[in-house]
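A.B. asks: Chains as they are written, first to last, in the working numbering: chain A, 98 to 361; chain B, 9 to 576.
It is possible that part of the hints are untrue.
[Stated by the list, open to error] Label-pair distances were calculated between CB atoms; the ranges are: (1) L115(A) x G416(B): 37 to 43 Å; (2) G178(A) x A25(B): 49 to 55 Å; (3) R104(A) x S192(B): 56 to 62 Å; (4) I94(B) x A348(A): 40 to 46 Å; (5) Y446(B) x S359(A): 37 to 43 Å; (6) Q277(B) x G293(A): 45 to 51 Å.
None of these hints come from the bench; they were simulated from the model. By construction, the Cβ of each residue, glycine as well, lies at the ideal position given by its N, Cα and C atoms.
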Amino acid sequence: MWANNLRILGVVLGTLALYTLIANKIPQVQSEVPHALTLGANVTPEQLVSAGDQLYHGAGGCTACHGLGTRAPNLLTDEKGQGPIGARCGKREPGKDCKAYLYESLTNPRAYVVPGYEPIMPDMGRILSPQQIWALVAFLESNGGTVDVTGSDIPPSSTTSTTSTSSTPSAGIAGGSTDPMTIIRGAGCTGCHKIGGEGGAIGPDLTHVGSRLSANLIRESILNPDAKVAKGYEKFKGIMPKMFGNQLTAAQLEALVQFLASHK
Amino acid sequence: MADGMLLLQAAADTAGAYRDFPLIGSRQAIWIAAEIHLMFAAFVLGVPIFAVVAEAIGIFGKDQRYDRLAKEFTRLLLIAYSATAIWGAVFVFLLSTLYPRFWAYMTAIFGPSMWVYVSIFFFESFTLYLYYYGWDRWKYGRAKIGHWCLGILLNIWGTIVMFIADSWLTYMMTPPRDITPETSPTSIKIWHAILNHTWMPINIHRLIGNIVFGGAIVGAYASYRFLAARTDDERAHYDWMGYVGNFIAMSALIVLPFAGYWLGREIYQYDQSMGITMMGGFMSWLWVIQAFLIAVLFLAGNYYLWVGMGRIPGAERYRPYTKWLLLVLVLGALVWGTPHTMIADSRELAAMGGSHHPLLGALGVMSAKNTAVNLMILSTFLSFLLYRRANIRQVVPWAKTGTRIQAGMFVIAAAIVLFFGIRGYFVEAIVRIGYSVYQVGAVLACIIFVTVIDVLMARGAQSLGAIQWGKMPPRSQYALFILAVTFTWLMGLMGFARSGIRQHWHVWQVMQDTTPYAATPALGYAAIMISTCVLIFLSLVGFIFWLGGLAEKSTFVPSTVEAPHVGQ
């Protein structure tokens, strides 16, 4: 009887020990918490790059996709002969310097989806603080380019928060401009929608949207994009961000709605 | 109870955000309490499902053996039930005292569902008592049917309780997207919170998982009683019970990956970054460990069947096939466990010569893995089929044709699996994902049609001799223990995966964990915690079952009649 019990105990403990041992022998990766940054106005580029480096390889979770060459472009190594990201970022969008391009790619990643890749990147503004975003920009610039992020880029209100403030009502997109095309570009609409020959083809063409939808329906589509999905675009349901109700000011929203409704 | 809830919430409102637990820390305390509660809960929810099925076979098949088996299942349930409640209470008290602000947040949204939960738990308890203690009183005629309905009612209560609890944890994973950190919890409609993205996939996944887990624990219990048996009759009974437990666990296991696939798809649809964290981020190695564990399950389950064929007259003719089945299982396990997309540092990338290994990279992709797992499922099904028909000779005139059709179905299913597996290398990812549906469809169709043909062919079959229940070497029983330990460990691992993808959030992107324990630990640390939980759980289960053995003799029936195969 006791011999049986000891054998059973041996089988149970041996099996548990084997699984525990194997799990401890493989590479150990811990998911870190994004640490609060306290970067003052006189922060040096080196401090920003160092903080960005830690975020990139740790809590930012960037390496899950970037660097493997399958889900997202390589950033720290050469991509299609164009060099690392710091060397190529300034050439990606005409009229947009490296710093602006990288910042927008992090906070509105669907604005510039590199051809050949899916629009899977999350809005890092929901996950990281503005200080952390700027630290990442500096780190990416340092890979093959020149770091021009300074303390003056970091908004004074972003102190030590580890989370984004993007979900709170703000001064609006594009600095609160009420010019419809500035809003459209600032909100990254052209990353997916085409309007007047400009923009992508992931979402419906907005050039003649006023002939298809009333102002009310356009407003609803901006605030709650999944409420009614345009025919033929069902498989893209869920892709359009739902935060424009928080990001646009009332004046911006109305300017945008009236502008689109007039495009018949 | 409602007053108690209000008191707890009031305490939470006035307290700080967190308190620590002595010696081991608050996260470890919660981890252990939640995990062990969940293991007991899975057992007490899974066992009634097949207890009711066994009772129905006993009633409608007029086979007393199954009725007694169902009663023995329920006896195990009765003893484990109080342990489930105790660990549930430990979990709630730890959560409300160690994480008071988070607890207050959850009660503000889900308070009413918690009251309903407690009420149904109360009904469930008394239904269980009636079901077990009324077994011998309501034994015949309409009373027996009424008793069986009590068993069904017990399952309904249990399922509702689980669905309610699932809504809390799935809300933490996938809160509706319009809920932000600024949203007041009191303004969130409870149904809106319950009907979140992963609620129903988790419900279904757990429902099937509980059956697998319950079957495995029952199998381990039977094997313990088999090894401790003093008479041949007792040994024969527990040998049969172990076989039934293994049959239930392995049958439900075959369906479980499909529910897991649905859950994974919903996670991706909710938030791509969450899905990527789970499958290719810091958790990528977890799936290699999972593949290893499932390989152990397949190998141990098949090994038990092959050894079991030694006690079946006529099974010798199928013995030559086992080495080929073993080969398919081992090769399939190796392919399934091949890593592909891993977080690697520059040194590791340089050593591999790129982001993927030049040789193994091709085996680590979805096409190869899906092909491997589907062939493993087909092989396991073939093992069951050979076991099932081992001691019979079919007498229907179309027996040879039927066997050829069955063989043809296996060949066609394997060919479809291989064809789409190879073709997957030459198409876009979005097309490749769709191929897995054809592969799974071919395997399921094969399983269903071959089983139907086999049942029809077995009509009036000539017996080659009775199964000699009890004539099993002890090593086969240790395979059942390995199955139970592996299923329990796998459950702990998948629980870590599900909970860990929230990373440093109590509620994903809504409420952040700001304790010193907020970082999600690496797999090595998690494995130590999982093993600790499994050890505590199995020790308690062993103790409880031993107590049950003291209180009542087993319900085995002397083997004057041959015990049938499951389903016959």
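A.B. asks: Would you pick out the hints that fail for this structure and give their numbers low to high?
C.D. replies: As far as the earlier hints go, 4, 5, 6 are violated by this structure, in ascending order.
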